[in-house]
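Participant: Single-letter residue listing:
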Amino acid sequence: MATRYFGQPIKRNEDPRLLRGRGLYVDDVQLPGMLHMALVRSPYARARIRRIDTSKALAAPGVVAVITHADLPANLQGPLPPLIPHPTLKHHKTQFALAPGQVRHAGEAVAAVVAESRYAAEDAAELVEVEYEPLPAVVDMEKALEPGSPLVHEDIGTNVAAHYTQVVGDVEKAFAEADLVFEEVFRPDRGQAQPMETRGVVAVYDRNLETLTIWDSTQAPIRIRSGLAELYGMRANQVRVIAPNVGGGFGPKIMMFYPEEVLVPWLAMKLGRPVKYIEDRREHFFATNQERDQVHRVQVAVRKDGTILGIKDVFLYDTGAYIPYGLIIPIVASCTLPGPYKIPNYHAEFKAVFTNKTICSPYRGAGRPHGVFVMERIINRIAEELGIDRVEVRRRNLIQPDEFPYDVGLIYQDNAPLRYDSGNYPGLLDKLLKLIEYDQWPARKEQYRKEGRYVGLGLALYVEGTGVGPYEGARVHVEPSGKVWVATGVGTQGQSHQTTFAQIVAEELGVRVEDVEVVTGDTGAFHWGTGTFASRAAVVAGNAVALAARDVKAKALEVAANLLEASVEDLELADGQVRVKGAPQRAVSLGQVAVAANPLRGTIPPGQEPGLEAARYFNPPQSAFSAGGHAAIIEVDPATGMIKILKYAVVHDCGRLINPMVVEGQIHGGVAQGIGGSFYERLVFDENGQLLTTTFMDFLIPTAMEVPDIVIDHQETPSPLNPLGVKGAGEAGVIPVPALFVDAIEDAFSGYGLRFREVPLDPNRLRQALAEAGVPGAGSTAA
Amino acid sequence: MLPESSRHRIRVTVNGQVYEREVEARLLLSDFLRYELGLTGTHVGCEHGVCGACTVQLDGQPVRSCLMFAVQADGREIRTVEGLAPDEERLHPIQEAFWEAHGLQCGFCTPGFLMTVEAFLRENPDPTDEEIREAISGNLCRCTGYVNIIKAVRLAAEKLRAGR
Numbered sequence: 001m002a003t004r005y006f007g008q009p010i011k012r013n014e015d016p017r018l019l020r021g022r023g024l025y026v027d028d029v030q031l032p033g034m035l036h037m038a039l040v041r042s043p044y045a046r047a048r049i050r051r052i053d054t055s056k057a058l059a060a061p062g063v064v065a066v067i068t069h070a071d072l073p074a075n076l077q078g079p080l081p082p083l084i085p086h087p088t089l090k091h092h093k094t095q096f097a098l099a100p101g102q103v104r105h106a107g108e109a110v111a112a113v114v115a116e117s118r119y120a121a122e123d124a125a126e127l128v129e130v131e132y133e134p135l136p137a138v139v140d141m142e143k144a145l146e147p148g149s150p151l152v153h154e155d156i157g158t159n160v161a162a163h164y165t166q167v168v169g170d171v172e173k174a175f176a177e178a179d180l181v182f183e184e185v186f187r188p189d190r191g192q193a194q195p196m197e198t199r200g201v202v203a204v205y206d207r208n209l210e211t212l213t214i215w216d217s218t219q220a221p222i223r224i225r226s227g228l229a230e231l232y233g234m235r236a237n238q239v240r241v242i243a244p245n246v247g248g249g250f251g252p253k254i255m256m257f258y259p260e261e262v263l264v265p266w267l268a269m270k271l272g273r274p275v276k277y278i279e280d281r282r283e284h285f286f287a288t289n290q291e292r293d294q295v296h297r298v299q300v301a302v303r304k305d306g307t308i309l310g311i312k313d314v315f316l317y318d319t320g321a322y323i324p325y326g327l328i329i330p331i332v333a334s335c336t337l338p339g340p341y342k343i344p345n346y347h348a349e350f351k352a353v354f355t356n357k358t359i360c361s362p363y364r365g366a367g368r369p370h371g372v373f374v375m376e377r378i379i380n381r382i383a384e385e386l387g388i389d390r391v392e393v394r395r396r397n398l399i400q401p402d403e404f405p406y407d408v409g410l411i412y413q414d415n416a417p418l419r420y421d422s423g424n425y426p427g428l429l430d431k432l433l434k435l436i437e438y439d440q441w442p443a444r445k446e447q448y449r450k451e452g453r454y455v456g457l458g459l460a461l462y463v464e465g466t467g468v469g470p471y472e473g474a475r476v477h478v479e480p481s482g483k484v485w486v487a488t489g490v491g492t493q494g495q496s497h498q499t500t501f502a503q504i505v506a507e508e509l510g511v512r513v514e515d516v517e518v519v520t521g522d523t524g525a526f527h528w529g530t531g532t533f534a535s536r537a538a539v540v541a542g543n544a545v546a547l548a549a550r551d552v553k554a555k556a557l558e559v560a561a562n563l564l565e566a567s568v569e570d571l572e573l574a575d576g577q578v579r580v581k582g583a584p585q586r587a588v589s590l591g592q593v594a595v596a597a598n599p600l601r602g603t604i605p606p607g608q609e610p611g612l613e614a615a616r617y618f619n620p621p622q623s624a625f626s627a628g629g630h631a632a633i634i635e636v637d638p639a640t641g642m643i644k645i646l647k648y649a650v651v652h653d654c655g656r657l658i659n660p661m662v663v664e665g666q667i668h669g670g671v672a673q674g675i676g677g678s679f680y681e682r683l684v685f686d687e688n689g690q691l692l693t694t695t696f697m698d699f700l701i702p703t704a705m706e707v708p709d710i711v712i713d714h715q716e717t718p719s720p721l722n723p724l725g726v727k728g729a730g731e732a733g734v735i736p737v738p739a740l741f742v743d744a745i746e747d748a749f750s751g752y753g754l755r756f757r758e759v760p761l762d763p764n765r766l767r768q769a770l771a772e773a774g775v776p777g778a779g780s781t782a783a
Numbered sequence: 784m785l786p787e788s789s790r791h792r793i794r795v796t797v798n799g800q801v802y803e804r805e806v807e808a809r810l811l812l813s814d815f816l817r818y819e820l821g822l823t824g825t826h827v828g829c830e831h832g833v834c835g836a837c838t839v840q841l842d843g844q845p846v847r848s849c850l851m852f853a854v855q856a857d858g859r860e861i862r863t864v865e866g867l868a869p870d871e872e873r874l875h876p877i878q879e880a881f882w883e884a885h886g887l888q889c890g891f892c893t894p895g896f897l898m899t900v901e902a903f904l905r906e907n908p909d910p911t912d913e914e915i916r917e918a919i920s921g922n923l924c925r926c927t928g929y930v931n932i933i934k935a936v937r938l939a940a941e942k943l944r945a946g947r
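Top to bottom, those sequences are chains A and B.
Counted from 1, the first sequence has number 317 at position 317 by my numbering; the numbering is strictly sequential.
Counted from 1, the second sequence has number 807 at position 24 by my numbering; the numbering is strictly sequential.
The set of hints was computed from the structure by calculation and includes no laboratory data.
Just so it is clear, CB atoms sit at the ideal spot from N, CA and C, and this is done for glycine as well.
Treat the hints with care, since some could be wrong.
[Unchecked claim] Simulated restraints on C-beta separations:
# : chain 1 : residue 1 : chain 2 : residue 2 : range
1 : B       : E913      : A       : D713      : 23 to 29 Å
2 : A       : R207      : B       : H831      : 54 to 60 Å
3 : B       : A808      : A       : S149      : 48 to 54 Å
[Unchecked claim] According to the in silico footprint, chain B covers these stretches of chain A (three or more CB under 8 Å from chain B):
# : region
4 : 191 to 204
5 : 693 to 700
[Stated by the list, open to error] Mimicking DSBU-like on lysine-lysine, the simulated pairs with C-alpha atoms at most 30 Å apart in a straight line are:
#  : chain 1 : residue 1 : chain 2 : residue 2
6  : A       : K143      : A       : K90
7  : A       : K555      : A       : K581
8  : A       : K434      : B       : K934
9  : A       : K647      : B       : K942
10 : A       : K450      : A       : K644
11 : A       : K434      : A       : K342
12 : B       : K934      : A       : K647
13 : A       : K11       : B       : K934
14 : A       : K445      : A       : K644
15 : A       : K173      : A       : K342
16 : A       : K581      : A       : K434
17 : A       : K555      : A       : K483
18 : A       : K304      : A       : K56
19 : A       : K342      : A       : K304
20 : B       : K934      : A       : K644
21 : A       : K11       : B       : K942
22 : A       : K434      : A       : K445
23 : A       : K143      : A       : K93
Could you put the whole structure together from the sequences, leaning on the hints where they help?
Facilitator: As structure tokens, this is what we get:
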């Protein structure tokens with residue numbers, strides 16, 4: 001049967017509702033008698049709480065309850081559960097529902113006010129009197145390691161949460177044998193995902209049914225359900241968590257738990273009324289997890305032909321005040337650094353450091369942009385030092401197509417070996433060079449320079465681990481109407497699961513995509529799974545959907561063979577029917593087959609399960625490795641430090657494409673976030689740990705004026721690790737952007753000896769650097 | 784103690800329907816639409832007038848409903864995303880274009896874009912890409928990178944011109 005749905009750019013099933021304004025986001029949930037929660041948050045990064053007086057707030061109009069740590073039941077007073085342990089994570093410090101006598105970052109929740117309206121709750125929150133004793137804050141991760149530094153957690157006597165080293169080969173020997181050795185320091189700075197929808201939770205407790213229903217803007221509803229049930233001492237099936245439409249996630253909407261996720265359901269049970277919390281944008285800046293600041297000290301050993309002998313990367317990872325999510329980000333950063341290159345000897349070492357800042361957890365890329373930034377900067381340094389073209393240096397170090405599976409020699413974030421399943425990296429590079437017309441670049445650049453314009457070309461390659469386990473599942477069910485209903489555990493925050501999963505089912509069952517309804521993110525519909533993160537949904541849940549659909553197909557053929565008095569081999573599924581090959585008039589609809597599989601009376605064959613339905617799970621043995629390359633041509637105005645992206649090209653390989661339109665949309669969005677994180681968006685903390693950038697007027701998310709058109713070409717190297725041959729695509733767009741961005745700017749000013757070691761480069765930093773380097777026309781810094 | 788906010792009776796036409804309500808003076812127009820009228824298609828992204836998710840049309844012009852009080856809409860005409868499609872079967876050409884061009888992912892910013900674009904294409908039925916970029920630069924989207932939104936606006940303009 002020819003492919004009709006898989007691989008096609010099919011319009012999305014989810015769109016008509018969203019376009020009519022009929023999505024259901026958490027803040028759209030309105031329940032009778034609903035109360036609203038507002039939080040009192042610490043104005044200090046580090047302080048002792050001496051006294052809290054809630055009396056004025058309690059007396060305010062419309063206020064129903066004011067809660068501090070002392071009012072919480074014992075099960076909510078302690079640190080919230082750790083998410084992902086690791087043997088080297090000695091101090092797995094986690095956050096609290098409400099601060100117990102001490103605050104460790106500005107914005108930490110200190111008290112909760114519940115009132116009849118959000119307006120009343122926010123008014124009353126202002127009336128809660130908290131007496132703080134401010135303490136010196138730990139803000140800079142390097143200073144946090146100096147002797148005598150204040151401690152974020154005094155009880156552990158250190159600011160180091162974990163110290164982890166992985167070694168491949170013999171690094172010392174590599175350095176001894178090298179023709180060229182150099183050292184660099186790189187500092188990717190802090191940023192934030194900033195989905196357009198902030199976080200929100202609504203909960204209602206039914207005292208008669210003894211069930212708790214929660215709407216949560218989470219990326220992991222099933223884990224929230226299981227975790228809350230455990231925390232509250234309830235059976236898992238007493239708690240239903242629904243992640244309805246979620247207005248963007250990008251990582252930070254998976255935490256387990258944000259304080260509000262614990263407080264709101266508890267308050268709903270305690271007060272006997274529904275409770276809603278919707279974070280405002282200002283809160284989102286300091287109360288939702290952040291990411292990205294690391295300091296890498298990297299030493300490189302190279303042969304004079306440009307081949308890399310060894311890399312020693314020692315870095316610090318700033319985890320903020322707590323480390324609930326464990327070491328995923330720094331492990332991913334270490335493991336992404338080698339990328340498509342052969343690094344026979346590699347020493348990867350990091351310390352995770354506590355500071356009095358907002359917690360860090362994965363944001364789209366989750367350490368990958370850092371690893372790629374370091375690696376691609378290294379490649380460029382090698383090219384400069386040895387006078388070899390930067391593309392040629394890349395080519396000489398690439399893993400070749402006949403070397404797969406390629407074992408990097410490290411252990412990945414899923415505790416499985418970092419072993420690339422398939423790929424064609426020289427193929428990607430060739431396609432990329434063609435898209436960006438690299439062969440014509442030297443002449444063009446010279447022409448630009450003659451015109452007095454500073455234009456540079458940057459490029460970067462990467463390999464991305466996707467589709468981590470442990471598992472996902474799906475149930476495929478055919479209704480008597482012939483429509484197909486699919487339920488799976490992974491939620492969606494815009495990734496188009498209602499369409500791509502429907503395409504997989506449509507392909508297997510021969511039904512139309514619009515006749516497949518996919519339900520995601522509701523523990524009442526499917527209650528096994530882990531969540532949407534790490535570019536894993538299409539790989540892990542997608543294959544579970546395919547396996548379940550194949551079981552349904554097998555069953556449909558069996559049941560229909562009886563109805564049609566034909567043998568299974570002579571039947572096919574097409575146009576919503578099971579029919580005899582070559583005699584399409586002998587057919588039964590899938591709906592009729594569903595009815596026959598679940599008769600009111602009579603008999604069904606022994607061992608056959610009722611209904612036209614199947615549930616299956618997919619447990620990937622390890623990650624599937626996507627890869628890609630981006631290139632851009634960027635013009636800089638030295639007078640203002642502003643940039644304009646003249647061209648942006650992407651070559652992307654995520655194995656077999658389910659829906660190219662959707663994959664390209666994911667890439668576009670990732671590139672835009674990458675551009676933001678490379679140039680416009682920075683979280684600025686002062687020396688006291690105060691976040692100074694708490695509006696969209698300070699933290700500049702790119703608009704349509706800043707994001708260029710993006711040219712995309714695909715390469716499809718199927719993964720041998722799963723039935724569909726797919727790899728993940730969600731994070732790809734963002735990963736190489738900081739690396740190529742800096743490369744392009746250095747290229748634009750080649751000859752001036754400019755070397756950038758930090759991202760983001762904002763216009764001011766850039767202008768200052770250009771002035772210092774003596775670039776003509778570069779504005780000097782303001783006096 | 785905080786002073787109680789005064790209450791005012793207002794009469795507003797929303798998507799052709801007249802509503803009369805008594806509201807607190809400080810009630811935001813966005814909250815009025817969402818919680819008083821149940822028109823939750825208008826989303827609130829930043830509450831400080833930058834993201835544009837809450838864009839509605841006031842007497843035909845796009846405005847940030849989070850930067851207005853409901854009382855300021857007294858006697859005026861408002862159009863929200865719920866008022867775009869002609870009926871239950873058909874979408875507005877701009878909605879169709881966003882669907883066909885994959886101009887939305889999570890959908891949260893989409894209603895604001897649609898209301899901005901509808902007003903823009905009335906004023907400029909045949910825009911260049913640069914004009915489109917500028918017209919939508921007051922609306923933030925974190926999912927699409929705008930590439931397909933620009934494509935959708937171009938396609939919408941074609942559809943609207945063809946239907947004229």
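Participant: Sort out which numbered hints this structure fails and list those numbers smallest first.
Facilitator: Result: hints 2, 16 and 18 break, sorted rising.
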